[in-house]
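K.L.:
Chains as they are written, first to last, in this note's numbering: chain A, 1 to 127; chain B, 1001 to 1399; chain C, 2001 to 2271.
Keep in mind that the hints were calculated from the coordinates and are not lab data.
Do not take every clue at face value.
Label-pair ranges, simulated between beta-carbon atoms [unchecked claim]:
#, chain 1, residue 1, chain 2, residue 2, range
1, C, Lys2188, B, Ala1024, 24 to 34 Å
2, A, Asn111, C, Asp2067, 48 to 58 Å
3, A, Met58, B, Phe1386, 58 to 68 Å
4, C, Lys2188, B, Asn1304, 56 to 66 Å
5, A, Asn43, C, Gln2193, 22 to 32 Å
6, C, Gly2230, B, Ile1131, 45 to 55 Å
7, B, Leu1138, C, Ser2260, 41 to 51 Å
8, C, Ala2125, A, Met58, 47 to 57 Å
9, C, Ala2041, B, Phe1249, 42 to 52 Å
10, A, Asn3, B, Asp1387, 46 to 56 Å
11, C, Pro2121, B, Leu1315, 28 to 38 Å
12, A, His107, C, Lys2188, 19 to 29 Å
Taking lysine-lysine pairs in the DSS-like style, the calculated list, with each CA pair at most 27 Å apart, reads [unchecked claim]:
#, chain 1, residue 1, chain 2, residue 2
13, C, Lys2064, C, Lys2122
14, C, Lys2198, A, Lys105
15, A, Lys80, C, Lys2047
Only some residues are given here: those of chain C computed to face chain B with a beta carbon under 8 Å [unchecked claim]:
#, residue
16, Asp2096
17, Asp2105
18, His2109
19, Phe2128
20, Pro2139
21, Val2143
22, Gln2147
23, Arg2163
24, Pro2259
25, Thr2263
26, Gln2264
Predicted model only: the values in this text are computed from it and were never measured.
Heads up, the beta-carbon is just placed ideally off N, CA and C, and yes, glycines get one too.
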Amino acid sequence: MYNKTAVIAGIVAFLVICSSPFWCGFSSDSYKKPEIVTQKDKNKECVEDVAFMRAEHMQLLNEWRDQALRNGSRVYVNAKGKKFDISLQNTCLKCHNNYEEFCDKCHKTNNVEPYCWTCHILPKGSK
Amino acid sequence: MVEKLLEGSKRYYYWLLFLVGVIAVCGIVYIYQLINGLGVTGMSRDVSWGLYISQFTYLVGVAASAVMLVLPAYFHHYQKFKIMIIFGEFMAIAAVVMCCLFIVVDLGQPQRALNVLLHPTPNSVMFYDMIVLMGYLLINAIVGWTTLEAERHDTPYPTWCKYLAYLSIVWAFSIHTVTAFLYAGIPGRHYWLTAIMAARFLSSAFCSGPAILLLLILLLRRLTGFNPGKVAIRTLATIITYAMCLNVFFYLLEVFTAYYSGIPGHSAPLTFLFAGYEGVTSWVTGFMWVAVFCTVICLTILINPNTRTGSYMPLALILLVLGTWIDKGLGLLIGGFTPNMYEGITLYLPTAREIAVAIGVYAVGALVLSLLWKIALGVKYEVGHFDGDEGDEAEAEAH
Amino acid sequence: MKKNRRSFLKVAGLSVFALSSGLGSLAGEAKADVAPGKYEAEPLGRKPLAAKRWAMVIDTRKFKSADDYKPLIDACHKEHNVPRIRGAQNAEGHDDQEIKWLWLDKFDHAFPDEMNEYLTPKIKAQVFPMLCNHCTNPPCVRVCPTQATYKLPNGIVTMDYHRCIGCRFCMAGCPYGARSFNFVDPRKYLPEQVPNPKFPTRMIGVVEKCTFCVERLDKGMMPACVEASGGRILFGDLEDPNSVVRKALAENFTIRRKPSLGTQPGVYYII
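Go ahead and model the full structure; you've got the sequences and the hints to work with.
P.N.:
Here it is as structure tokens:
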């Protein structure tokens, strides 16, 4: 085998770079669920239960968008039979009006940057 | 074969370094455009496509033109082209790469480009354009690489590769036809709404593409000594001449229909391009007349068999490329959008940043082409297929 | 022989797979919904306005000057947070890169097919409103490679800005110049507090246009310009012989923009 040193050094460098996310993950603090402020009024219920919303809110929003824009279905009837206007801006954000402590905190912790707010208007007071 | 990339002269490395430098600088301009939007270009609400899409259109033609080598070689077993087919195929790859990049730099939301695949829309010509361009890239890459590999090992290429080459011939016609359909199917844009658009595109592609190829091959001959052979050059020059004559003929057909019918919508774009419209003349008028001048001179040189392959040939080819580029790379888009939808005039002038991004894309194409041709040349040199005239001399002696 | 058969089966199997998966997505097979709930059209509060084919009749006789149209344009552009770019101080774009949903122009620009050289002085001086025609055969929908722009069953041609890739094929396709592209960030040309906080803005790099206020119709409200016109613009169902638009079309001579292109515009003008 010729160029032995270069080849082996290359393979080692490749492996180190490829596995670097794992090494970084091991060395940093363990994941903590961010403490978010869900809403002002604790008695109010969201469109679906917390576990579903936490896991699926992005798919739900996509589905809402397609239903409202393409099917003209602008009302969502949840599993309990309660009705909601389909609107991120005018339904979701009415209760969840603290952008920094709700949306942003969790998105930042999970390192995602959805660009909802380039078009949708954030509630007053939060930026 | 990739190792051929690493065996080059200092000049080769400087050339690559230069291209990378151009790409880097223009890349920064593109990032600026990405952040600030297409507002940095000269395009507007009324002239909504500009330099990027017109370069895309021109380069689809260059890509399709590889067929002018592949068709005689594979359908008619014309042996003289065999030595340089690979250069045509590799140029097609570089051209398709540039086409894709020109589409990407033209998008307002490039990160969503794959929506075209996520939501396939069979009624949109753009959808088919994406499919045929990707397919053409793949076919040329496979055929080019396989035949070169076979040539290197001095074995015949596999039979499937021959059929794939046949497919590439049909495919080449299809890519430019579909690109013409992008324009020719739009109601209300008089300059584009013409059945002859695809034929015009193909004829202009089949003269300009081979002309660019021949110019580059001549440059290669000077730089490396690779000789495609006198006969091959003569045949290619003849093909170019016929295609250019057809191109001019088709354009004149447009001119006749527009002015003899007297329908204002049809003649307005031509009038705007060549003489200005309702008192408004733009910079493009000068360019259009330069194109006319180029066309006349190049056809004078090319049609005469005594001067066709003589010392004026490179000049004729340069003028031909310039003329067809002005027609397709400037006039086509500007004529399509002016007069605008309200029969008014919105002038378009590409900005410096727009031109810089376009140069960057061309530099990427030049880089891809240089690397691919370097591989091809390396193999040709290794197996001794370096002189297209070699066989002819032996043949002449035998007679 | 054996080998041939095997390779044939392989290719056949692959092709069937590719075709079926491709056709499935082409047919727009509905994906399983994630949400456990259901969807309804009936809005909370008011009844939605419905029609088989929405259309608009503009009585241009009742508008004297550009100033008469101004409240309508303002209502539309405020309702939808349309930025004002022309004449604004901006570093990036230029005036021609403006956004227009409802705008005015002279007769020969609005109706270039009407080529009478000698018009009445009144028509010559008059301006005419232009907006998306919500065509029956919309070229913009035909050319859009992502179905970001589409026609609803009620005839309205509208857009999903989330999906638009900004290729601007629709702008080349539209014979009416009804579409605007966000060459620059629209938020930079809107006040910090947008005119209508209940409606989104658009983002840079997407195309937009008039939507016939589909979001208002679904909530039981007439389009903003119709509401602001005080009866000078009529809006109704073209397929209902008793609708206001059909009555207006029966009683008045109307024209449409570039009807010869076969797009069947849904906006009629009483001249």
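K.L.:
Compare the structure with each hint and give your call.
P.N.:
Structure-based check of each hint:
| no. | hint | verdict |
| --- | --- | --- |
| 1 | C/Lys2188 with B/Ala1024: 24 to 34 Å | holds, 29 Å |
| 2 | A/Asn111 with C/Asp2067: 48 to 58 Å | holds, 53 Å |
| 3 | A/Met58 with B/Phe1386: 58 to 68 Å | holds, 60 Å |
| 4 | C/Lys2188 with B/Asn1304: 56 to 66 Å | holds, 60 Å |
| 5 | A/Asn43 with C/Gln2193: 22 to 32 Å | holds, 30 Å |
| 6 | C/Gly2230 with B/Ile1131: 45 to 55 Å | holds, 52 Å |
| 7 | B/Leu1138 with C/Ser2260: 41 to 51 Å | holds, 42 Å |
| 8 | C/Ala2125 with A/Met58: 47 to 57 Å | holds, 54 Å |
| 9 | C/Ala2041 with B/Phe1249: 42 to 52 Å | violated, 58 Å |
| 10 | A/Asn3 with B/Asp1387: 46 to 56 Å | violated, 35 Å |
| 11 | C/Pro2121 with B/Leu1315: 28 to 38 Å | violated, 59 Å |
| 12 | A/His107 with C/Lys2188: 19 to 29 Å | holds, 24 Å |
| 13 | C/Lys2064 with C/Lys2122 | holds, 9 Å |
| 14 | C/Lys2198 with A/Lys105 | holds, 24 Å |
| 15 | A/Lys80 with C/Lys2047 | holds, 23 Å |
| 16 | Asp2096 | holds, 3 Å |
| 17 | Asp2105 | holds, 6 Å |
| 18 | His2109 | holds, 4 Å |
| 19 | Phe2128 | violated, 11 Å |
| 20 | Pro2139 | holds, 6 Å |
| 21 | Val2143 | holds, 6 Å |
| 22 | Gln2147 | holds, 5 Å |
| 23 | Arg2163 | holds, 6 Å |
| 24 | Pro2259 | violated, 12 Å |
| 25 | Thr2263 | holds, 7 Å |
| 26 | Gln2264 | violated, 12 Å |
Of the numbered hints stated above, those contradicted by the structure are hints 9, 10, 11, 19, 24 and 26, listed in ascending order.
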